[in-house]
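Those protein sequence lines, which keep their order, are chains W and C. Taken in order, the first sequence gives residues 0 to 282; the numbers are from numbering that gives the first Met the number 0. Taken in order, the second sequence gives residues 0 to 497; the numbers are from numbering that gives the first Met the number 0.
In short, the hints are calculated from the structure, not lab data. Since the model is a prediction, treat every value here as computed from it, not as a measurement. Glycine included, each C-beta is placed from N, C-alpha and C at the ideal position. Some hints here could point you the wrong way.
DSS-like mimics (lysine-lysine), calculated; alpha carbons at most 30 Å apart, straight line [said to hold, decoys possible]:
hint, chain 1, residue 1, chain 2, residue 2
1, C, Lys426, C, Lys452
2, C, Lys259, W, Lys233
3, C, Lys426, C, Lys259
4, C, Lys91, C, Lys244
5, W, Lys11, W, Lys46
6, W, Lys233, W, Lys46
7, C, Lys442, C, Lys426
8, C, Lys91, C, Lys46
9, W, Lys233, C, Lys87
10, W, Lys8, W, Lys46
11, C, Lys87, C, Lys244
12, C, Lys244, C, Lys259
13, C, Lys334, C, Lys344
14, W, Lys46, C, Lys426
15, C, Lys259, C, Lys359
16, C, Lys155, C, Lys95
17, C, Lys244, W, Lys233
18, C, Lys359, C, Lys426
19, C, Lys442, W, Lys116
20, C, Lys445, W, Lys116
21, C, Lys259, C, Lys76
22, C, Lys452, W, Lys116
23, C, Lys91, C, Lys155
24, W, Lys8, W, Lys94
25, W, Lys94, W, Lys11
26, C, Lys259, W, Lys46
27, W, Lys116, C, Lys155
28, C, Lys46, C, Lys95
29, W, Lys233, C, Lys76
Just the calculated beta-carbon pair ranges, DEER-fashion [claimed, not checked]:
hint, chain 1, residue 1, chain 2, residue 2, range
30, C, Leu381, W, Ala63, 42 to 50 Å
31, C, Arg103, W, Gln72, 49 to 57 Å
32, C, Arg163, W, Lys46, 37 to 45 Å
33, W, Asp218, C, Glu380, 44 to 52 Å
34, C, Glu64, W, Glu260, 56 to 64 Å
35, C, Val495, W, Pro60, 27 to 35 Å
36, W, Asp218, C, Glu157, 34 to 42 Å
37, C, Arg441, W, Gln72, 35 to 43 Å
38, W, Ala63, C, Glu380, 45 to 53 Å
39, C, Gly443, W, Gly129, 17 to 25 Å
40, C, Ala57, W, Pro60, 48 to 56 Å
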Amino acid sequence: MSAPLRVWKTWKLFVNGQFPRSESGRYDVVKDASGATVANVCRASRKDLRDAVEAARAAFPGWAARSAMNRGQILYRIAEMLDGRRAELAALLGKGGEREVDAAVERWIHYAGWTDKYQALLGTVNPVAGPWFNFSMAEPSGVAVAFAPEDSPLLALTSLVAPLIAGANTCIAILSESAPLPGLLFGEVLATSDVPAGVLNLLSGRRAEILPHAAGHRDVNTLLVASPTAAEAKLAQEEGAGNVKRVHCIAAPSGGWSAPEAQGLAWIERGQEIKTVWHTMQL
Amino acid sequence: MATRTKREKPAAAPESPRAQRFVYAPAPESADHVRRLERYDLFVDGKFRPASSGKRFATVNPATEETLAEVAEAGAKDVELAVQSARKAYEKTWSKLSGAERGRYLFRIARLIQEQSRELAILETQDGGKPIVESRDVDLPLVAAHFFYYAGWADKLEHAFPGRRVRSLGVAAQVIPWNFPLLMAAWKIAPALAAGNTVVLKPAETTPLTALHLARICQEAELPPGVVNVLPGAGETGAALVAHKDVNKVAFTGSTEVGKQIQRAIAGSSKRLTLELGGKAANILLEDAPLDQAIEGIVNGIYFNQGHVCCAGSRLLVHESILEEVQRRLERRVKTLRVGDPLDKNTDIGAINSKPQLEKIRALVQSGVDEGAVLHQPACELPRAGYWHPPAFFSGVTTSHRIAQEEIFGPVLAILSFRTEAEAIAKANNTTYGLSAGIWTRKGSKVFEMASKLRAGVVWANTYNRFDPASPFGGMKESGFGREGGLHGLAPYVEVLS
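Sequences and hints are given; from them, build the entire structure.
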């Protein structure tokens, strides 16, 4: 008996907890180092982005309303599921793949532990002069779009989106253009991790095509662009100004994406707004 | 006038003994103590100097339309000189001082402001039109307090960012509006200097005087030359300043429209940006609102500083069960507001800051009438000269009316009603802005619930328009980003290294 004919996977987007194809019907070909075709992936369109933003917006109130503890548990579940797909992901990542998966697992655990702690560090009680109890607290900005860099397709993606969703934002990530498969496989991790539909959406496609639409989208609050070219950074701010978007252009960390500086409170802070409430103590 | 517009005639006979009008004798603050100059120069590198172009513009008292002074107008060349001087001061002196030393200068400035506060308050009122009771009792105490507050942070930055290394950014370009001229200068300069930056400040073209007096105070405090530079001018000056390539940080307070232009203009640069922009705040009265206090809060929310307040409570959302009573009470209260000479200590509503602003307010009021809302406006005698607008409110407003969507920046309130709290939240958040909001209810738990659902950077519960140097201020959505005041107000002026 010869081995059964291999079943090839159809690689699709991950939007609203489901795996749709691009509405555009377009695809890009992913090749390996030798130039051989590995897979066809969806080339997400402007409409796909808009659908994803809609899903993320719809998911936002529910995600933000969950207890911080619950969000932490879900992030930890992502780490568990990710660890379970270690071999498959490492094979897709190639050389150094195992190390990258381990670092990504570590990072999800790191942020799982942050979900109920950053508030205490970013918030303050303010001693105002008068009969008011005044305090400031961190709240999520809302919907974020993150453009992953070309390198470290799993770890950099994790580094960008984990702090956003740990901080109760919902998110759309545009995957590494040259190596989208680890990110797309990560969608399968998310689908089995109790992450509510729409909280984190993944699009494969071309940065140059999607960036102007993401930056100009009026219902996106935050835009992260990793390792942008000078032109991309300029475009992100220019188009982002249309709705006073919080635009963050993020250079690759000097120690690489696995360095400690690629994680932590400052990364969560990017997706937070400070709300100050004055409570009158005497009526 | 349209029949739906409700404008009463000056009351011939009092409706009831309680409605009797009090007659106030004039009580103007005397202005003879003020050292106002006929000509003001730019403040660059610790010295006052005319504009390179020799150009000057007149700054006018909006209550009298008289020219107060001729002020040098900074051009591109002056921007160059000011940024150079700020850079030099940053490299050579200011960044080399210890935090404690920087703090000492800021404490000195705070003290000098307190000493000169009466003079500054009068100047503020003359130049901007705001009632003297506001400039004297709100603006100036807050100005001094802001410097005093951030003076204390200067040697404690390691406590502000525990576990992280931070450093100052360099030269900050700061552009401020005309509604709180000196207070906005304080909000900009104090945290910037405390964190170790030097600044070039552009005050608004209609209100440059107090910023220039603050420059003099910097001189008197022996602040090293170039640490603070002040460049009066209009939009063009501001545009040249924020575009200057040797600026590290841009901080702007003003309209959302200009804020967007600035965000676009500095796109692609490494300049850090904070924006404090417009608002269309909802002031929400729940069914059980404490009405006596709420009426005062509504009045303070929209008529404070002629409504020239980005966080003004310009949309009043009232539970339908108390709508009639609130409108009746408000109508009665608004009649007692005194519009007139800003220097008079009995004045509640002063002059509109400028003619273009008055025209903008009038146009939006007209749009409210045209779109079918009902205008309530007491008949008040307005001075002949100057720019004035009586306090007004609209009933019968819907969310699609321009007066419910656009920032009027004047003493004009739009009243909407709601039936359920979910509806109140939906209406409150139905705006591109997200600066502030108010909630009035006797139930503490309700306050927390509503406050958590409002998309606004500042929420006042059973009060409105309160400010404090220790309290962070700033918006969500198109009201801008970054915070001013409090611990959070330091972050925009430092770079976190690790």
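Now the hints, each set against the structure:
no.: 1; hint: C:Lys426 - C:Lys452; result: 12 Å, holds
no.: 2; hint: C:Lys259 - W:Lys233; result: 14 Å, holds
no.: 3; hint: C:Lys426 - C:Lys259; result: 25 Å, holds
no.: 4; hint: C:Lys91 - C:Lys244; result: 19 Å, holds
no.: 5; hint: W:Lys11 - W:Lys46; result: 15 Å, holds
no.: 6; hint: W:Lys233 - W:Lys46; result: 23 Å, holds
no.: 7; hint: C:Lys442 - C:Lys426; result: 21 Å, holds
no.: 8; hint: C:Lys91 - C:Lys46; result: 17 Å, holds
no.: 9; hint: W:Lys233 - C:Lys87; result: 28 Å, holds
no.: 10; hint: W:Lys8 - W:Lys46; result: 24 Å, holds
no.: 11; hint: C:Lys87 - C:Lys244; result: 15 Å, holds
no.: 12; hint: C:Lys244 - C:Lys259; result: 19 Å, holds
no.: 13; hint: C:Lys334 - C:Lys344; result: 18 Å, holds
no.: 14; hint: W:Lys46 - C:Lys426; result: 29 Å, holds
no.: 15; hint: C:Lys259 - C:Lys359; result: 20 Å, holds
no.: 16; hint: C:Lys155 - C:Lys95; result: 16 Å, holds
no.: 17; hint: C:Lys244 - W:Lys233; result: 15 Å, holds
no.: 18; hint: C:Lys359 - C:Lys426; result: 25 Å, holds
no.: 19; hint: C:Lys442 - W:Lys116; result: 29 Å, holds
no.: 20; hint: C:Lys445 - W:Lys116; result: 25 Å, holds
no.: 21; hint: C:Lys259 - C:Lys76; result: 25 Å, holds
no.: 22; hint: C:Lys452 - W:Lys116; result: 21 Å, holds
no.: 23; hint: C:Lys91 - C:Lys155; result: 22 Å, holds
no.: 24; hint: W:Lys8 - W:Lys94; result: 22 Å, holds
no.: 25; hint: W:Lys94 - W:Lys11; result: 24 Å, holds
no.: 26; hint: C:Lys259 - W:Lys46; result: 26 Å, holds
no.: 27; hint: W:Lys116 - C:Lys155; result: 23 Å, holds
no.: 28; hint: C:Lys46 - C:Lys95; result: 22 Å, holds
no.: 29; hint: W:Lys233 - C:Lys76; result: 26 Å, holds
no.: 30; hint: C:Leu381 - W:Ala63: 42 to 50 Å; result: 48 Å, holds
no.: 31; hint: C:Arg103 - W:Gln72: 49 to 57 Å; result: 51 Å, holds
no.: 32; hint: C:Arg163 - W:Lys46: 37 to 45 Å; result: 42 Å, holds
no.: 33; hint: W:Asp218 - C:Glu380: 44 to 52 Å; result: 49 Å, holds
no.: 34; hint: C:Glu64 - W:Glu260: 56 to 64 Å; result: 58 Å, holds
no.: 35; hint: C:Val495 - W:Pro60: 27 to 35 Å; result: 31 Å, holds
no.: 36; hint: W:Asp218 - C:Glu157: 34 to 42 Å; result: 40 Å, holds
no.: 37; hint: C:Arg441 - W:Gln72: 35 to 43 Å; result: 37 Å, holds
no.: 38; hint: W:Ala63 - C:Glu380: 45 to 53 Å; result: 52 Å, holds
no.: 39; hint: C:Gly443 - W:Gly129: 17 to 25 Å; result: 18 Å, holds
no.: 40; hint: C:Ala57 - W:Pro60: 48 to 56 Å; result: 52 Å, holds
When held up to the earlier numbered hints, the structure conflicts with none and fits them all.
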